[in-house]
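**Student:** What follows is each chain in one-letter form.
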Amino acid sequence: MEFLLDFLARLVTQFQTPTLGFLIGGMVIAALGSNLKIPNAVYQFIVFVLLMRIGLHGGIEIREADFTAMLLPALFSVVVGVVIVLLGSFLFSFLPGINRADGYATAGLFGAVSASTLAAAMVLLEEESIVFEAWVPALYPFMDIPALILAIVLANMHQHKHSEDKHSKVDVWGIVKESLRGSALSALLLGLALGLLARPDSVLESFYDPLFRGFLTVLLLVMGMEAYERLSELRRVAHWYAIYAFFGPIVHGLMAFGLGYVAHVLVGFSPGGVILFAVIAASNSDISGPPTLRAGIPKASPSAYIGASTSVGTPVSIAVCIPLFIALAEVVFDV
Amino acid sequence: MEFLLDFLARLVTQFQTPTLGFLIGGMVIAALGSNLKIPNAVYQFIVFVLLMRIGLHGGIEIREADFTAMLLPALFSVVVGVVIVLLGSFLFSFLPGINRADGYATAGLFGAVSASTLAAAMVLLEEESIVFEAWVPALYPFMDIPALILAIVLANMHQHKHSEDKHSKVDVWGIVKESLRGSALSALLLGLALGLLARPDSVLESFYDPLFRGFLTVLLLVMGMEAYERLSELRRVAHWYAIYAFFGPIVHGLMAFGLGYVAHVLVGFSPGGVILFAVIAASNSDISGPPTLRAGIPKASPSAYIGASTSVGTPVSIAVCIPLFIALAEVVFDV
Amino acid sequence: MEFLLDFLARLVTQFQTPTLGFLIGGMVIAALGSNLKIPNAVYQFIVFVLLMRIGLHGGIEIREADFTAMLLPALFSVVVGVVIVLLGSFLFSFLPGINRADGYATAGLFGAVSASTLAAAMVLLEEESIVFEAWVPALYPFMDIPALILAIVLANMHQHKHSEDKHSKVDVWGIVKESLRGSALSALLLGLALGLLARPDSVLESFYDPLFRGFLTVLLLVMGMEAYERLSELRRVAHWYAIYAFFGPIVHGLMAFGLGYVAHVLVGFSPGGVILFAVIAASNSDISGPPTLRAGIPKASPSAYIGASTSVGTPVSIAVCIPLFIALAEVVFDV
Amino acid sequence: MQLHPAEKVVVITEKLIVKGVVEIIEAAGAKGYTIIAAGGKGSHAFRATSERAAVVDDFSDVKIEVVVNDKSMAEAIMTKITETYFTDYSGITYIEYIEVLRPSKF
Amino acid sequence: MQLHPAEKVVVITEKLIVKGVVEIIEAAGAKGYTIIAAGGKGSHAFRATSERAAVVDDFSDVKIEVVVNDKSMAEAIMTKITETYFTDYSGITYIEYIEVLRPSKF
Amino acid sequence: MQLHPAEKVVVITEKLIVKGVVEIIEAAGAKGYTIIAAGGKGSHAFRATSERAAVVDDFSDVKIEVVVNDKSMAEAIMTKITETYFTDYSGITYIEYIEVLRPSKF
Ligand SMILES: Nc1ncnc2c1ncn2[C@@H]1O[C@H](COP(=O)(O)O)[C@@H](O)[C@H]1O
Ligand SMILES: Nc1ncnc2c1ncn2[C@@H]1O[C@H](COP(=O)(O)O)[C@@H](O)[C@H]1O
Ligand SMILES: Nc1ncnc2c1ncn2[C@@H]1O[C@H](COP(=O)(O)O)[C@@H](O)[C@H]1O
Ligand code: NA
Ligand code: NA
Ligand code: NA
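Listed in order, the protein sequences are those of chains X, U, R, E, Y and A. Residue numbers for the first sequence follow our numbering, so the first one is 1 and each next one is one higher. Residue numbers for the second sequence follow our numbering, so the first one is 1 and each next one is one higher. Residue numbers for the third sequence follow our numbering, so the first one is 1 and each next one is one higher. Residue numbers for the fourth sequence follow our numbering, so the first one is 1 and each next one is one higher. Residue numbers for the fifth sequence follow our numbering, so the first one is 1 and each next one is one higher. Residue numbers for the sixth sequence follow our numbering, so the first one is 1 and each next one is one higher.
Note that these hints are calculated values from the structure, not bench results. Don't take every hint at face value.
What the hints assert, rightly or not - The calculated SDA-like cross-link candidates involving lysine to any residue, where the alpha carbons are at most 20 angstroms apart (straight line), are: (1) Lys-15/Y x Thr-49/A; (2) Lys-19/A x Leu-32/U; (3) Lys-41/A x Arg-236/R; (4) Lys-177/X x Ile-98/X; (5) Lys-299/X x Ala-69/X; (6) Lys-31/E x Tyr-97/E.
Let the hints inform the model, and build the full structure from the sequences given.
**Tutor:** Quick look at the structure:
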C-alpha cells in the first residue's frame, strides 16, 4: 500500500521532471501538428555525446573497479536478454494474426537496449542522489547483442524449416560485428576505451558532463515527437504489439530487478545498480537495434516492431518503469 | 541634448558589444565574399535553444507572477500589432509602384515579431543589469498573431473586391493554427509550458543559459550574412520598401514605448519591461512570419517583404532601436 | 639521451591525453568498420567554433600587444612557408614516378597550415601550463597564404613551359582572395577582428572557451576516421608521398623551431611561442588548403596530396611533432 | 523480367507547398512519390539548397518525382499542380518517359 | 562533340541496403554511380528525407543512378537488384534513355 | 494544357566548380537550373554525399539539371562544360528528352 502510494507520488513528481516533461512535450506538440523540427544532424550528434559521456564515465570507473564484481551482473545481462527474446517469441507464436518474423523481430527489439532510456535513468538517479557503480551502463552490450543474435537466429531457423532453401546459415559472428559497429555501441565502446586508456577526466567535466543533461532533454523531445508520429504505423498492425509493448518493459524490468537483487545479496551489487539494471532490461532498442534486425530478419515489417517500440515501449519504460523501480528499490533496499 | 549624447555614446558602445559586432561581422564577411557558412541544421538548433531558453525562463517566472500585471501589456501588444499593420497598409496603399499584396505582406511582417531581435535585446538588458518581468517575452504571440492575421485578412479582402471569385473566405482559425505551429512559436510555447509545469530549473541553468549568449552570437552572424545577401533582392523592388524598413521599426518601437509607459503608470510595468516591449514592437518577423505570409498572401512577392525585413528592418531594430530605447528609458524613468 | 627519454616519456603520456586518444580512437573505429558518423553540419560548426575561439583570444590579446614583437615571427612565418614549398617542390622534381603538378600541390599543402593541429597544440600547451603569446595563432595566414600562392605559381610556371598556351597568367591576387575567403581563414580573421574591436570577453569565457576542448576531441575523432579512410587513396599513389608526409612535418617543424629560437634571442619570443610556431610549420592544411589547390592546380590529383596529408601528415604532426617540440623546448629553454 | 513503359512526372517547387503538391499527387491516384531536397534558380529569386543556414528555411526547393503508368494521370497531375500553384508560387513541371520492371507497383 | 545513346538505371530504396545495391552495380560492370538522399512514400511506410531527426536514421530513402551504355547490363542490374532485395525491402527501379558525350566513360 | 518537347541537360560534378558550371549555363542563355547534393563514384575517387563529416567539404558531388527547349543550346552547354572542366575535374554530363507544360518558361 505504502509502496503504491510512493510509486504514485513518484509518478506525479516524475511527470514534473524535465526528463519526462520533454518526452510528453514532444508528443503533445507532434499531436498538435507543430512544425518544430530538430535537425537530424544535431540529433545524431546528441546521441553521440550522450553515449560518449556514458562510456567515458564508465571507462574511468572501470580502471579502479573490482572486475569480479562485474562478472555476475554481466552474466545476468546475457541471461535477461536471452530470456526476454525467448519469452516474447513464445508469446507471439501463440497470438493470432502475428507474422512469425515480426514476432521474432519485436521480441529481439525488446530484449535489446535503448541508450536514451539508459541516459534518462542515469539522470534521474543522479537527481535523486542514488549512487550506482559507474560500470553498470557497460552491461549494455552484454544484454543487447545476445538478444539481437538470438532473435535473428530464431527467425532464420523458423524460416528454414518452412522453406526449401536449406543452405544459407545464420552468420552469428556477422551479427555480432554489425551490432558492435552500429553507431550507438561504437560510441559507447569508444568512450569506454578512452575512459580506460586515455585521461579524459578534464574534458569530461568541462564538456561532456554539462552537455549531458541538456542534450538529453532535446533527445527526449525527439523521442516524444517520434512516438506520436509512429502511432499511425502501430495502428496498422495487430493490437497485440501495443499490448506487448505496454506490459513487456514492466515484466522484463521486474525480472531483471529480481536477478539484480540476487547479485546484491551475492556480490554486493548496489541498489542503484539494481535499478539501472532493471531499466536496461525494460528498455527497448531505438537507435542500433532496428537496422540490425532489418538486415537480419528482412521478412519482418519494421512498422510492427518500430511502431511498438517507439510509440509505446519507450514511453512506458521511461515514464512508468523508472519511477516504479526506484519506488520498488526503496521498499526492498530501504534506500 | 543630453539624451542625444547618451544615445550616441550608447550606439558607439553598442557597436563594440559582441551582439552587434557579430551582426556587422556577418555583413562584412558576406560583402567580402567569404565562403564561411553556418550549416542550416546548426542554425535551426540554435533558434530552438534560444526560444526554449526564453520560454523556460518565462514559464518559471509566470508560476509566481501576478496575472493581472500581464493583462494590460498583453492587450497593448494586440493593439500595437494591429496598429502597425493598419498604418503600414495605409501607407503602402498611397505609395506609387507598390503592388498592394506586397504592401499588406510587408506591413504584416513588421507588425509580427522577431525572436532573434528579442533575444539580442534580452542579452543587452542583462548586460546593462536592467531588470524586466520574465514574462515579457511571452507577449510575443499577442503581437505576432494578430498582426499576421490582420495582414492576411486585409490582403484577401482587397483581392476579393477586385476579383470575380467572391466565394473563398479567409480561414482565420487556420492562420492562428499555422502561426502557433510554426517552429518559432512552438518552441517558445513549449518552453513556457515546461517552465510552468515541469521543474526545468537545473537544466536551464546548466545547459540552456550558458548556450544562450554564445548561440546568439552565431545567430547574429547568420542574420548579418543574410542581410547582405538579400540586399540584391531588395534592390530589385521599389525603394519605398527600404525607406519603410528603416523608419518603421523606430516609429513602431516609439509607439509601443508610449503604451508601455502608460502600463508603467497604471500597473507598474517595469522600465526594463517597457524597453523590451518597445523592441518587440520594433522587431520584424524573420523565422515564422515569412512562411505564414507566403501561404496566406501568395500573390505577394517574398523578395519585397523578406528583403526589406532581413536587409534593413532587422539590422535597424537591433543596432538602432535597442540602444535608442535604453537611452530613452534612462531619460524617462531615470534608471 | 635525457632528451630522448623525455621525448619518449612525453610520447607515452601524449598517447594517454584525450587529444591524441580521440585521434587514434577515430582511426581504430574506422579500421574496425564502425558506422559511427559525425554529421558534416556538426563538423563544420565545430571548426567554426574552434577558429572563432582562437581568433577572439588572439584579437583580445593583440589589443595590448607590442606590435614590434610580432614583426619578426610574422616575417619568419612567410620565410618558413616559402622554404617548405621550395624544398618540397625541389624534392618531388627528383623523385621518380611523381607527376609534377601533384608534387607542387603536395608541397603547397605541407607549407600551408592546419587549424586542427594548431588547436590541438594550444590545448596541450595549456594543459602543460606552457604560456605563449596569444597572437601566435595569428601567424597562421602569414605562413599559409604565401605557401599556397607559391605552390600554385610554380605549378603554373612549370605547365606553361611545357604547353603551347603561353597566355594565361597566374592570378596571384585571386589566390590571396580565395585563401582569405576560405571558411577557415574567414572564421579566424573574423574572430581576430571581433576580439580587437568588439568586447567579446564574456561570451568567450561562457561559450567559446568551454566548448573549445570538447569540440576539439570530436574534431580529432573525425580526423582519425578520415585518416584511415583516405589510406586507400594514398595506397594508390607513389609511396614517396607517404615518406614525404612522414618526415616532412618533423623537418619543417625543426626548421621553424630554429627560426623561432632566433626570434627568442632577438625579440624575446616566448618558448611556448616557439613551440607553437614550430607546430604551425609542421602542420599541413586540411580544411582550406585543398580547395584552393584544387582550383589553382587543377592538373594535380587530390588523391595524392589529400591522402598524404590526411592519412600521414596530420597524425604525425599531432602525435609526433607536438611532444617532440615540447621536449626540445625543455632542453633548449630549460622550461 | 520484362520492361514496361511508364511515365515519370517531375515537379520542382518551393518546400513550403510540398504538402499541397503531395495531396494532389495522392488524390490523382499515384501509388508513391519521391522527394529530394534541392536549390536552384528560375524566374523568381535564387533558392539555396537546404544545407546553408537560411533564416527562412521553407523557401528552399524540393524536387518531387512520381512514377505512374497512365499518361492521362501524369498529365492530370501536372495540370492540376500548375493551375493550383504556379501562378503564385515558383515551380516547374515536366514529364519523362521511362521503363519499369514491375508495372503493377505504379 | 557527338551525342551517343546510353541508358540510366535508377534505383530508389532504403539507405540500409545501399552497400549491397552498390555491390551489385559494380559487379555488373558499371563504371560509376551517383547517390542522392531522398524521402518518399510507396507501398511501405512513408520515409522521411534525412533532414528531419529520425530515431532510426538508416530508414530514409536514397536514389541511386547508374549510367551505362549497354542495355543488357542495365537490365541485368535492375533484375538482380529486384530479385535480391525487393521482396523484403522497399524500393523501385526504372530505366531512362539518355544521350552522353563521352561514351567511353560509361 | 499541352505538352511540349524540351531537353534536360544533367551535369554531375565536384561541388568546387559549381560556380563556374552555373556561369556557363547562364551564359548559354538557360533560364534556370536546379542543384542537388549528391555523392558517387566514377573514374576518380569515391565522393561522399555531404551528410557525413568530410574534412574537405568542397569535394562532394552535385547534380545540376537544366531544362531548355532548344537542343543546340543543350549541346552547347554540355560541350562547353566538358571542354572547360572535364579534363581536370571529375564529372559527367548527359541529356534527356522530356516534355514540359509551359514552354515559354524555358
Ligand atoms: N530551366 C530550368 N531548368 C531546371 N530547373 C529550373 C528551371 N527553371 C526553374 N527551375 C527550378 O524551379 C525552381 C522554381 O523556378 P521559378 O518558378 O522559375 O522560379 C527554381 O528554383 C529551379 O530550381
Ligand atoms: N510511384 C512512385 N513514384 C516515385 N517514387 C516512388 C513510387 N513508388 C515508390 N517510390 C519510392 O520508392 C520508395 C520505396 O517504395 P515502396 O517499396 O513502394 O515502399 C518510396 O519511399 C519512394 O521514395
Ligand atoms: N556511370 C555513372 N553513372 C552515374 N554517375 C556517374 C557515373 N560515372 C560517374 N558518375 C558521377 O560523376 C562523378 C564524377 O565522375 P568521374 O569524373 O568519373 O570521377 C562521380 O562521383 C559520380 O557521382
Ligand atoms: Na531490453
Ligand atoms: Na513588430
Ligand atoms: Na605547414
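**Student:** With reference to the structure, classify each hint as holding or not holding.
**Tutor:** Hints, one by one, checked against the model:
no.	hint	result
1	Lys-15/Y x Thr-49/A	holds (12 angstroms)
2	Lys-19/A x Leu-32/U	holds (16 angstroms)
3	Lys-41/A x Arg-236/R	holds (16 angstroms)
4	Lys-177/X x Ile-98/X	violated (30 angstroms)
5	Lys-299/X x Ala-69/X	violated (41 angstroms)
6	Lys-31/E x Tyr-97/E	holds (17 angstroms)
Hint violations for this structure: numbers 4 and 5, all remaining hints satisfied.
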